[in-house]
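Undergrad: Each chain, written out:
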Amino acid sequence: MPDWTGPLERIDEYRWRIPRSYMTGMRVDGVIYADEKMIGDVRHDRAAQQVADVASLPGIVKHSLAMPDIHWGYGFPIGGVAATDIEAGGVISPGGVGFDINCGVRLVRTNLKETELKPKLRDLVYALYNEIPAGVGSKGDIKVTEKEERKLLVEGSKWVVDHGYGRQEDLEYTEERGAIAGALPDRVSDRAYERGKHQSGTLGSGNHFLEVQVIDEIYDGEAAAAFGLGAGQVVLMLHSGSRGLGYQVCDDYSKSFIRCLAKYDIDVPDRQLACAPVNSEEGKAYLGAMKSAANYAWANRQCLMHLARGVFEKVFGMSPGDLGMDLIYDVAHNIAKIEKYNVDGKEKLLCVHRKGATRAFPPYHPDLPEKYKKTGQPVIIPGDMGRSSYLLAGTKEAEETFFSTCHGAGRRLSRTAAIKACRGRSIAGELEKKGILVMSSGRETLAEEAPEAYKDVNEVVDVVTGAGISKRVCRMKPLGVIKG
Amino acid sequence: MEKRYEQFSHTADIGVRVFGNTLKELFENAAFAMFDILADLDGLKGEITQDFELTAPNYEELLISWLDELLYNFYSKKIIFYRFEVLELSEDMVRARAFGRSVSENRNRLKTEIKAATYYNLKIIKRDDYYEVDIIFDV
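Residue numbers (this note's numbering), protein chains in the order written: chain G, 1 to 484; chain V, 1 to 139.
Honestly, I wouldn't trust all of these hints.
DEER-style ranges, computed between Cβ atoms [to be verified]:
| hint | chain 1 | residue 1 | chain 2 | residue 2 | range |
| --- | --- | --- | --- | --- | --- |
| 1 | G | Glu459 | V | Asp51 | 50 to 56 angstroms |
| 2 | G | Glu339 | V | Thr55 | 35 to 41 angstroms |
| 3 | G | Met1 | V | Asp51 | 36 to 42 angstroms |
| 4 | V | Arg83 | G | His44 | 35 to 41 angstroms |
| 5 | G | Lys37 | V | Asp51 | 52 to 58 angstroms |
| 6 | G | Lys143 | V | Asn108 | 44 to 50 angstroms |
| 7 | G | Glu13 | V | Glu2 | 49 to 55 angstroms |
| 8 | V | Asp51 | G | His44 | 49 to 55 angstroms |
| 9 | G | Asn279 | V | Pro57 | 24 to 30 angstroms |
| 10 | V | Glu6 | G | Pro7 | 30 to 36 angstroms |
Straight-line C-alpha distance at most 25 angstroms; calculated SDA-like pairs for lysine to any residue [as the list claims (entries may be wrong)]:
| hint | chain 1 | residue 1 | chain 2 | residue 2 |
| --- | --- | --- | --- | --- |
| 11 | G | Lys139 | V | Ile37 |
| 12 | G | Lys139 | V | Lys111 |
| 13 | V | Lys45 | V | Asp92 |
| 14 | G | Lys139 | V | Arg107 |
| 15 | G | Lys139 | V | Tyr72 |
| 16 | G | Lys255 | V | Lys123 |
| 17 | G | Lys420 | V | Tyr72 |
| 18 | G | Lys263 | V | Leu122 |
| 19 | V | Lys77 | G | Pro133 |
| 20 | V | Lys123 | G | His44 |
| 21 | G | Lys139 | V | Val103 |
| 22 | G | Lys255 | V | Pro57 |
| 23 | G | Lys139 | V | Asp40 |
| 24 | V | Lys111 | G | Glu444 |
| 25 | V | Lys77 | G | Ser189 |
| 26 | G | Lys284 | V | Ser65 |
| 27 | V | Lys111 | G | Lys284 |
| 28 | V | Lys78 | G | His44 |
| 29 | G | Lys255 | V | Leu54 |
| 30 | G | Lys143 | V | Ser104 |
| 31 | G | Lys263 | V | Tyr59 |
| 32 | V | Lys123 | G | Thr5 |
Sample of chain G residues facing chain V (criterion: CB under 10 angstroms; computed from the structure) [stated by the list, open to error]:
| hint | residue |
| --- | --- |
| 33 | Arg46 |
| 34 | Gly95 |
| 35 | Gly244 |
| 36 | Lys255 |
| 37 | Asp267 |
| 38 | Arg271 |
| 39 | Ala274 |
| 40 | Gly288 |
Rather than coming from a laboratory, the hints here were simulated on the basis of the structure. Remember, it's a predicted structure, so these values are computed and weren't measured experimentally. Ideal Cβ placement from N, Cα and C applies to all residues, glycine included.
Generate coordinates for the entire structure from the input sequences, incorporating the hints supplied.
TA: Below, the structure is given as structure tokens:
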């Protein structure tokens, strides 16, 4: 594939502009967060073109943004953020949320120290692998009737907590308290229900994972303490989404929204950017269905965490109180949200698409739990399974990105290239030499997810902290990994 | 054109370039490519046949509808399809038959979860004596 040769103008050390003049139809500039070294990589695929394409969405305000973990997606780039002005006919695009609606991560603390974990690590990883359903077509623990399923789509995490999967206080530490208001379960097709059936409480496959990690570096002691974290402490990170239900919701609306382009006289450069005004009948229907899928995803992660807590209790023979497995936070990184921002001196209601980007609210934001008022929102950034992951916190400066930041390391190699690079090697063996135990249900998952397939998360975090849109709290290194 | 499809490098997802001597064959090979990524199809024979009839406004959208319909059937009815016959194809309608086996006795054949076929950059191209299309699957 030839390099992308469009204009990337340096704004400062961490920001690069694709000017509106680059392409007919762009309504705003594109801005990519990256350093000098990364921006070279950005040119190697079509991600920058996708930033320009997104700039053509009706009603888009300020900029079409991309976080430093930007890579080539379909329609939107992964790492893309775009906000549209609802009153000005701003649109919502199912492709701007993606198939895995409310794919996200949660981080759970424990009272365990690395030294206590080490002798039981193998037992723990095996038990997690055995107890937590993962892989293509796996079935989950929760069986619900269709009527109950509709309730689950409205109540999200609360529904599963009420049914014994976790604690009330878990809700406090979940984005949107685990249930975004305004879900419309009757806008979810029968097919989506069918695909989501039996999948509540399943991890999924591919890059979805469960990791046992240890904190190896603290950058902000005060924030870390507020989150209940210290050096040498063991944490659990969990990455999953809305499974088949969300995929089918996106599928249904991506298809039907192509008709909206003609109906609302919208011109976008690619069918996968199909969209409709947020305030149109179609826009409202999608938003209601998307929220339902998002709530399903929160319920799913809540259920997975509950299963994992049970495994820890069994393996370590400790009570929940002694283990101290409190949820630190749960964030969505594939979602569209209706949020208020000041644009050109006026308060506006915007539809913020985060496609592989994390919401990062600043200190004293009204939506934050009381305990995190001073620190800002915890932002969970998974890296690859061989290096590190980060816990960051939101900042006031991130208003320029509609309080959004990166969501991970970002892929560097395609899956096929990663499999090729790993041929004849044992990835599990290589990681074990580094003290990391890995298990996976997918045959090729470990090669596809090999550390070298990803950008170095340290560099990604350098950019978001350097640009001021997040601050570092602590770094974790993986010890046990279960991949889907 | 002998080759049915080849994978190309796409950073986040899986891209395939599908070939067909006719448009019918292009649709068949696209379906084969998708299931070849999903599962190990080698040596699969028999037993389930399913008929499909789908409509869409143009060939491209019809192609994605066809793939998504098969994918939906894979996930909901748990059938791995391994052979496809497009019986009738026009710009707005496809009628086809697919042959498959149930997932239950072939669970160890499953490879990669495909979430959906996307519309990204979708364009069926007519070469001198064959057709070609690039499809990105979200995995």
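Undergrad: Would you pick out the hints that fail for this structure and give their numbers low to high?
TA: Of the numbered hints, 6, 8, 13, 17, 27, 28, 37 and 40 do not hold.
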